[in-house]
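Protein chains: 2
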Amino acid sequence: MSEAPEPHYERTVFYVSDGTGITAETFGHSLLTQFGNLPLRQVRMPFIDSLEKAEEARRRIDAQAMLDRYRPIVFSTLVETAINEVLQGAHARFLDLFATFVEPLEQELAMRSSHTIGQSHTVANAQRYDERIRAINFSLSHDDGQSEADLTSAQVILVGVSRSGKTPTTLYLAMQYGVKSANYPLIPEDFERRRLPEVLYQFKSKLFGLTITPERLTEVRHERRPGSNYASLENCRYEVAAAEAMMRREGIPWLSSTHKSIEEIATTILQELNLRF
Amino acid sequence: MSEAPEPHYERTVFYVSDGTGITAETFGHSLLTQFGNLPLRQVRMPFIDSLEKAEEARRRIDAQAMLDRYRPIVFSTLVETAINEVLQGAHARFLDLFATFVEPLEQELAMRSSHTIGQSHTVANAQRYDERIRAINFSLSHDDGQSEADLTSAQVILVGVSRSGKTPTTLYLAMQYGVKSANYPLIPEDFERRRLPEVLYQFKSKLFGLTITPERLTEVRHERRPGSNYASLENCRYEVAAAEAMMRREGIPWLSSTHKSIEEIATTILQELNLRF
Chain A
1 MSEAPEPHYE RTVFYVSDGT GITAETFGHS LLTQFGNLPL RQVRMPFIDS
51 LEKAEEARRR IDAQAMLDRY RPIVFSTLVE TAINEVLQGA HARFLDLFAT
101 FVEPLEQELA MRSSHTIGQS HTVANAQRYD ERIRAINFSL SHDDGQSEAD
151 LTSAQVILVG VSRSGKTPTT LYLAMQYGVK SANYPLIPED FERRRLPEVL
201 YQFKSKLFGL TITPERLTEV RHERRPGSNY ASLENCRYEV AAAEAMMRRE
251 GIPWLSSTHK SIEEIATTIL QELNLRF
Chain B
1 MSEAPEPHYE RTVFYVSDGT GITAETFGHS LLTQFGNLPL RQVRMPFIDS
51 LEKAEEARRR IDAQAMLDRY RPIVFSTLVE TAINEVLQGA HARFLDLFAT
101 FVEPLEQELA MRSSHTIGQS HTVANAQRYD ERIRAINFSL SHDDGQSEAD
151 LTSAQVILVG VSRSGKTPTT LYLAMQYGVK SANYPLIPED FERRRLPEVL
201 YQFKSKLFGL TITPERLTEV RHERRPGSNY ASLENCRYEV AAAEAMMRRE
251 GIPWLSSTHK SIEEIATTIL QELNLRF
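These protein sequence lines are chains A and B, in that order. First residue of the first sequence? That's 1 in our numbering, and the numbers climb one at a time after it. First residue of the second sequence? That's 1 in our numbering, and the numbers climb one at a time after it.
To be clear, the hints were calculated from the coordinates, so they are not data collected in a lab. Any given hint could be a false lead.
Since the list gives no way to pick out one identical chain from another, each pair is judged satisfied if it fits inside one copy or across any two copies.
To be verified - Under the rule of at most 27 Å between Cα atoms (straight-line distance), these lysine-lysine pairs were calculated in the DSSO-like manner:
id	residue 1	residue 2
1	Lys204	Lys260
2	Lys260	Lys206
3	Lys53	Lys260
4	Lys53	Lys206
Since the model is a prediction, treat every value here as computed from it, not as a measurement.
Chain A extracted, bound-state conformation (with noise of 0.2 Å):
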């Protein structure tokens, strides 16, 4: 666990939840992509599900407000009125992202929130869940083409040379959203005989091709094995070349991975293949 210096910051960004924080980290960090590259500490404070752990977290932020130039800024998603507001006797810009729209979701839905901690634990939650864990494990046995086995379940295979993105892709659909992906890879065999791998034959509505740049594979390729014909620059010409005329060929829906992430790479088949979630 080392670590690198702290660079210099002016000021501390808190995400204060009493789940994982994870709801709030994420949509802070997209607010603050809004104002470009700050140099903000960023602390998260996951699990505040006490009175005792709110007075702590408060105290912790006031500590950092003395230190900082600027006084910090609090993105909360604390569900408990009590313990929310404690922290909002903090010495900060507190910015409640729960309470902001409970209150015109009560009034739309005619209904009082039941303002609890843990609700993602309810049954209809566990199920969801079952099934993220079983896409992952199904993600991880069909990875590479390693198992042909129950093929037939999955509800997208990527195809790909290799290090075009496929793996981190079918995983991200599988944990995000709970599904089932395989995936193969399109390797120089294949281009020779100019078939796809002959089991995907069967399951063509399911495929979706990703490519890649050879520029940007022939940089990934000498992370893994550096100077090999495999990662060698006109290889990967050959393999990307030689690929999307397949999937040309064959009429296989693909996108470039080359400047997308993985959730956009992930949301985009999604789309495609008008999966429901």
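Please build the complex by placing chain B on the supplied structure of chain A, with the hints as guidance.
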């Protein structure tokens, strides 16, 4: 892509975004869990990044409003004012996640936000992104004690009996937090020797244990190998008790994965091991 018949919904929730919509959806889900298990149809509308797409999205929402008993709810993270305005005209309860907090932030930071789509592709984010991909590859190649190479660069090493939740947790740590983690199974041979796998002793400060109730473990293992001794309740009881005794003896911090989500397990581990993000 078989589909179950759709349950009867009286209302639809739309997640509208110029990006993936993952922020809007994460946030919307977490708010809606406060209202119990409502029968809401949920529709993701990602990549609404032009006026044309905005008009189309608006038409779709309006059409749904005619079909449902209650008007739709829209969670929006649209950044561009003109696009946002189109959607605000839809016949729906419009919750503007973005604008609501951008103004207080502009005030607090004493600067204008860029109001620009696609801010996630900055240089800083690209670096963070490459780190995540490297962390995913690291987790995959150090899954289930596969490799002892390069364990020095692991930030966490999870230990626990087979099927206690180690793999999904390491993948989540990589995907969400860019944390490099390895995992090692504790197996009957280790319990007989009353020693951890030898390679782990030099990395003791990085170890974190996962446990699980024998009742849940037998369920999970029966899914994988029905009727095996491996999955039997008796064997699960033995392995869990032996693993917990070993972790206690070796002073390894641990938690039970039984009633926790992957997100909760991962966040707790980061907190306990004090990893920066």
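Cross-check of the supplied hints:
Within a single copy, lysine 204 and lysine 260 get their C-alpha atoms as close as 24 Å, which meets the 27 Å cut-off; across copies the closest is 38 Å, which misses it. In the homo-oligomer, the alpha carbons of lysine 260 and lysine 206 lie at most 27 Å apart inside one protomer (21 Å), although the nearest pairing across protomers, at 33 Å, exceeds that limit. In this assembly of identical chains, the alpha carbons of lysine 53 and lysine 260 lie at most 27 Å apart only when taken from different copies (20 Å versus 39 Å within one copy). Proximity of lysine 53 to lysine 206 under the C-alpha cut-off of 27 Å is restricted to the inter-copy arrangement: shortest distance 26 Å between copies versus 49 Å within a copy.
Violated hints: none; the structure is consistent with every hint.
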